[in-house]
Amino acid sequence: MTDEGQDSNHVIEVKGLKTQFDDFVVHEDLDLSVRAGEILGVVGGSGTGKSVLMRAIIGLKRPSAGTVRIFGEDYYQASDKEREVIEQRWGVLFQGGALFSSLTVAQNVMAPIKEHLNLPDELAKDIAALKISMSGLPEEAGARYPAELSGGMRKRAGLARALALDPEIVFLDEPTAGLDPIGAAKFDELIVNLKESLGLTVFMVTHDLDTLHATCDRVAVLAEKRVLACGPLEEVRKTDHPWIQEYFSGPRGRAALAFKAS
Amino acid sequence: MTDSAASFDIDVTQGVLKLAPQGDWRARFLGGLDDPLRDFADDSVGRDLVIDMSGVERLDTVGAMMLQRTLRACERNGDSGFVRANEAQAALLEQVENHLSPCHVEPLHENAFVAVIRRLGVGVVDAYYAAIEVLSFVGLALATAGRVLLNPKKMRWTSTVYHMEEAGLNAMPIVGLMSFLIGAVVAYMGAKILSMFNADIFTVELVGISVLREFGVLLSAILIAGRSGSAFTAQIGSMKIREEIDAMRVLGLDPMEVLVLPRVIALVIMLPILALVAAVLGVIGGGLVAATAMDISPALFVSRFQETIVINHFWAGLIKAPFFAFVIAIIGCFQGMEVEGSAESLGQHTTLSVVQALFLVILIDAFFAMFYLEIDF
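From first to last, the protein sequence lines stand for chains A and B. Residues in the first sequence are numbered from 140 upward in steps of one, following the numbering used here. Residues in the second sequence are numbered from -18 upward in steps of one, following the numbering used here.
Some hints could be false.
[What the hints assert, rightly or not] On the chain B side, residues computed to face chain A include the following (Cβ under 8 Å):
#: 1; residue: Asp15
#: 2; residue: Asp16
#: 3; residue: Asp20
#: 4; residue: Leu73
In short, the hints are calculated from the structure, not lab data. This structure is a prediction, so every number in the text was calculated from the model and none was measured. By construction, the Cβ of each residue, glycine as well, lies at the ideal position given by its N, Cα and C atoms.
The following block holds chain A by itself, in its conformation from the complex:
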C-alpha cells in the first residue's frame, strides 16, 4: 500500500470523477470517500448513476476523468498485477446475484477460491460450506443450481461468493431490492453482523429507506451529477435540498424513521 498524502483511513477515495455514455454525462467532478470499517449507503433517484458509480469504482466503467483510489492505489493507473491484488481484496454482490448458472451454489463460491488460492480441494469445500452457512443459507442449498433458488436465496448465495476470499471491502448493489420485508430485514441484520465480526467495509447502493436506517453509518446522496451530501443519516436529513427533503421527509421516509424510533 502506498499512502500518497491522503487519509490512510479511507479505503476508497474518488476524486473529480467524470463518467459519461457518449455525450450523456452521468457524473461530473464527483468526490466521495469511504472509511475503513464503515457501511456507506449511496442513495439517489432513479437514473442518478448510483450503479454507474459503483461500476466506476470496481473497474467495470472507465471514467473519462478523475481518479479512483482503492487501498491508496489508483485503480485505473495500476498494472495488471496490482489490479489483481486489489480485486482479491474486494467482493461484489450484483443486483440479481449474478451467479454462474451452470455451477451449483457451492461451486459458485469455490470458483474464486480455486482461481486465486492454491488450496486442497477438501479445504476449498469446507470454506464454501462456511461461507454458505455464514450467508444464512441452509446447507442443502450448496448443491442446488441458481435457477432452483428464490430471489432472496440467490442474493445470499451471491453474498457468499462475494465473501469467498475474505474481502476487506464488499460492494452491494441494491441488496434488499425485490426481497419481502422480512427477508430484507434479515439481510440487513446479516450485513451488520458480518461487518462487525469480519471488520468489513461496505459500499452499498440502495433505495431502501429501512435498510439505510438499520445498517448505514454514513449516507451519500447522489444528485445533480455529484455527491450532494455525505455524512451520518441525521446530518444528511437536515440538508436543505428539495430532493433530500422529499426523500427523507416523504411518507416513506417518515415511516422508516418512525419505525426506527419505536
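Since the structure of chain A is already known, use the hints to place chain B on it.
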C-alpha cells in the same frame, strides 16, 4: 505448497493438549496445513485441547474455521477452548463457530445404471407427450386459422408481410446461390460418370429431375429451418421469458393469432416462391456447367430440357413446399412457446426447434417420395 508463513506447535502440559498456531493464518497460507491439522485432529479425538492464539499475527475466516474445526473434533468436556485471543480474533472465532457443518457441492448423483434406465424411461414418456403437444398445437393453429378466415379483420397483415420479407425475401440470395451451386455440382457428377457411357446428354435429365423434384425445395426448406425456424423460437421464447406472452393473454390478445399465425402464413406463402427460385437457379447452374465442361450448348440444353422434362417434375417438387413451410413454422413457434424461465432454456429450445424441423422435413419428403411412386406421379 505455499510459503510457510503459517505453522503450528503442539505440546502437552499436565495431560492437556496445547495447540499453538503461529504466524499469518489467512487462507492463502493455509493450503499446506490442512492435512497435518486434520491428521492431528484424528489422532487427538476425545482429548481436551487448548488453542493458544497469542502467536497468530493475522487471522481470517478460513483460519478461524480450521481452528474451530480442530477444536470441535477433539473436544470431549468443557475444558477445551481458545486462550489469549484478542478481541478481533475472538469475534471471528465466534462468527465461524456456528457455521461449521459441511454442505454438498454437487447435485446428488444416482447409480449410473439406474440413471440410464431412468433417462430412457423419461425420454420415452417425454417423446409421447411432446408428440401430443405438437399435435394439439397444430390443431390450435388450424382452429385459429379457421376462425381468422371467417373473420378476416382479425388477420395481422402488417406482421405477416414483415415476416414474408424477413423470412422469405431476405433469404432469397442465399437460397438462390446455394441452389445454383448444387445444380452445378450435380451436373459435374453427371459429366464425369455419364460420359463414360457416352451419355453426356442425359446430364440434362439428371439436373432437371433432381433439382426440380428434390433439391430445390429441400434445400430451401433446410435453409429456412435453420434461418427462420430458429429465429421464430428465439423471438417467441424471449417474449415468453419477459412475460410478454402472459401480458398478451391478460390483455385479451391471442398469442396464436398475433404471433403464430402470421409466421405460419408468411412461411407457407414464401417457401414455394423460394423453392421456385431455387429450382430455376439450380437448373441454370447445371446448364452453365453443361455448357462449359461439356459440349452441351445452352440452346441444346434448353431444347432437350423442354422435350424430356415433363411439368409434373416441377409440380412434384413445388407441392411439398407449403407442407415443409407449415412444419418449420409450427415447430419454431411451438418450441418458442415451450421456453421457460432462463436463457439456457431458450438455447435448448432453439436447438430442438431446428433439429425437429429438419427431421420432420426429411420425413415428410420420404413420405412424398413413396406416395409419388405409388401414384406414378
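Results of checking the hints against the structure:
Checking Asp15 (chain B) against chain A by beta carbon gives a least distance of about 4 Å; that is within 8 Å, so the hint holds. The beta carbon of Asp16 (chain B) is positioned within 8 Å of a beta carbon in chain A (closest approach about 7 Å), and the interface hint is therefore held. With a cut of 8 Å, the hint placing Asp20 (chain B) at the interface with chain A is violated, because the nearest CB-to-CB distance is about 12 Å. The criterion of a C-beta within 8 Å of any C-beta in chain A is met by Leu73 (chain B), whose closest approach is roughly 6 Å, and the hint holds.
Taken one by one, the earlier hints fail for this structure only at number 3.
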